Structure formats: C-alpha cells, structure tokens
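> Going line by line, the protein sequences match chains A and B. In the numbering used here, each residue carries its 1-based index in the first sequence increased by 18. In the numbering used here, each residue carries its 1-based index in the second sequence increased by 496.
If you are wondering where the hints come from, they were derived from the structure by calculation, not from laboratory data. Just so you know, not all the hints are guaranteed correct.
[Unchecked claim] Selected chain B positions facing chain A (in silico; Cβ < 7 Å):
# : residue
1 : V509
2 : A510
3 : Y535
4 : R538
5 : G539
6 : F559
7 : F593
8 : A599
9 : G600
[What the hints assert, rightly or not] Heads up, simulated DSSO-like pairs for lysine-lysine below, C-alpha to C-alpha not over 27 Å straight-line:
#  : chain 1 : residue 1 : chain 2 : residue 2
10 : B       : K594      : A       : K71
11 : B       : K545      : A       : K75
12 : B       : K594      : B       : K554
In this text the structure is predicted, and so the values were computed from the model without any measurement. Each residue gets a CB set at the ideal place from its N, CA and C atoms; glycine is no exception.
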Amino acid sequence: DVKVTQSSRYLVKRTGEKVFLECVQDMDHENMFWYRQDPGLGLRLIYFSYDVKMKEKGDIPEGYSVSREKKERFSLILESASTNQTSMYLCASTSGEAKNIQYFGAGTRLSVL
Amino acid sequence: AQSVAQPEDQVNVAEGNPLTVKCTYSVSGNPYLFWYVQYPNRGLQFLLKYITGDNLVKGSYGFEAEFNKSQTSFHLKKPSALVSDSALYFCAVRGGFKTIFGAGTRLFVKA
Chain A
19 DVKVTQSSRY LVKRTGEKVF LECVQDMDHE NMFWYRQDPG LGLRLIYFSY
69 DVKMKEKGDI PEGYSVSREK KERFSLILES ASTNQTSMYL CASTSGEAKN
119 IQYFGAGTRL SVL
Chain B
497 AQSVAQPEDQ VNVAEGNPLT VKCTYSVSGN PYLFWYVQYP NRGLQFLLKY
547 ITGDNLVKGS YGFEAEFNKS QTSFHLKKPS ALVSDSALYF CAVRGGFKTI
597 FGAGTRLFVK A
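The following block holds chain A by itself, in its conformation from the complex (with noise of 0.2 Å):
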C-alpha cells in the first residue's frame, strides 16, 4: 500500500520560531508538494520539486523554503513563523506523469500563537 507520511499531525508554536514540517513517500516517486488548506480557498501550492535537489516555487511561496536531499524525503521550513501561517499542510508525491494521481499524506495543522 502506498504511503506518505508527514511527521506531525499537530503542531504548536511560537511567533518567530523556524519551523521544520517532514514529509516522507515510499512510493519512489519523483514529484512531491507543499500545500496548504485554509476554508474556502481549497489547496493552495507552496513549492514542489521534481527531482532530488530540485525545487520551484508554487503560488504561494513567500515566508517558506523547502529541501529535498533525498528522493523520499521533502521538507518545508518556516523561517519565522508568523500568525498568518497558522493553517493545514498538505504534502503530496507523484509520479512523473500528469495523467497520475497525487497521493497525500495526512496532514499536519499548525497554529502559530
């Protein structure tokens, strides 16, 4: 059964704080995703990335960097956590095809106080 793991559901923390969300596929898949969800605006891309060491930009990508060293492994930073980051992130993997599915994990939502 395919996998993506995101390693903390629940998240706390402070303004200004660097925040580390981990995300891992067993799926040895290429593309993975940063999202977030917020109420009525759907999924909104953060960064993705293609390829190890790769990375681009996404809709929304002020305030976050992300690393991929590994294949299976895609991170995303918050450099300083501000309120306004507080929401539901979404991380995604897939095959190199458009016509494939995206698998999700389960998410992590993180309050920023």
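With the hints as your guide, set chain B onto chain A.
The following block gives chain B in isolation, referenced to the frame of chain A:
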C-alpha cells in the same frame, strides 16, 4: 491559465437520494481532471479521474463523474447517497507538474 470552480460551498442530500457535486474548469489543451475526497482530519484521497475516452468515468465507493467538453464541466455523481459519503470533495485539473484544486464542496448526507 488553468482554473477550477466549484460553485457550491455545500450540498445537502438525504440518504438514498442521488447526489451531484458540480465542477467547471478552464484549461488549454486536453484536460486531466480529478476528484478527491477528504474525510475529517485526513489527507485527500483519490476518487476518480478523466484522461481520455468515455465521458462517464467510474471511480471508488460508487462515485462517477461525467466529462462534458462543451460545457467544460466534470460533475461528480452518485445514484444513491450514504451517510458515510459526508465529506469535503475537491475537483482538480492537472497540467504539467502542477495541479489546480477547486475550493472544495462540503457534502452532508442526512439519514
């Protein structure tokens, strides 16, 4: 630019009745269209997709979707709703590396 619209924030239906969740899209070229479902405190799960071929696509849990090119729509349907179908449904269109998701429609099925 690609876009997806889900015109209804919420759909209410009685158990046993048919359900429809609406989706329209805008894309250049051939569309790759998807439906995903999200249960509470979970990630998204794939339901079905349209790539090419028959306009009626069948997916998981008895769901199906009808691709209509002239109306640029991809509505999700089920002949007989179950209470357990209550969830958040997302329509999506894929082009290249990126997938564009709609805002989501919350489905409530009442017993």
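> State for each hint whether it applies.
How the hints compare with the structure:
1. The restraint placing V509 of chain B at the interface with chain A is violated, with a minimum CB-CB distance near 21 Å, outside the 7 Å limit.
2. Hint status for A510 of chain B: violated, given a least beta-carbon distance of 25 Å to chain A, over 7 Å.
3. Taking 7 Å as the C-beta cut-off, the interface hint given for Y535 of chain B is violated, the closest approach to chain A being about 10 Å.
4. Given the 7 Å rule on beta carbons, the hint for R538 of chain B holds: about 6 Å separates it from the nearest Cβ of chain A.
5. Given hint, G539 of chain B at the interface with chain A, holds; its Cβ is 3 Å from that chain's nearest Cβ, closer than 7 Å.
6. Residue-level restraint check for F559 of chain B is violated (minimum Cβ-Cβ distance to chain A is 14 Å; threshold 7 Å).
7. Taken as an interface hint, F593 of chain B checks out: its beta carbon lies about 6 Å from the nearest beta carbon of chain A, inside 7 Å.
8. Interface restraint check: A599 of chain B against chain A, minimum CB-CB distance 4 Å, threshold 7 Å, status holds.
9. Because the beta carbon of G600 of chain B sits about 5 Å from the nearest beta carbon in chain A, less than 7 Å, this interface hint is met.
10. For the proposed pair K594 of chain B and K71 of chain A, the alpha carbon gap of about 18 Å is at most 27 Å, so the pair holds.
11. A distance of roughly 26 Å separates the Cα atoms of K545 of chain B and K75 of chain A; the hinted pair therefore holds under the 27 Å criterion.
12. With a CA separation close to 24 Å, the supplied pair K594 of chain B and K554 of chain B stays within the 27 Å bound.
Checked against the numbered hints given earlier, this structure breaks hints 1, 2, 3 and 6; the rest are met.
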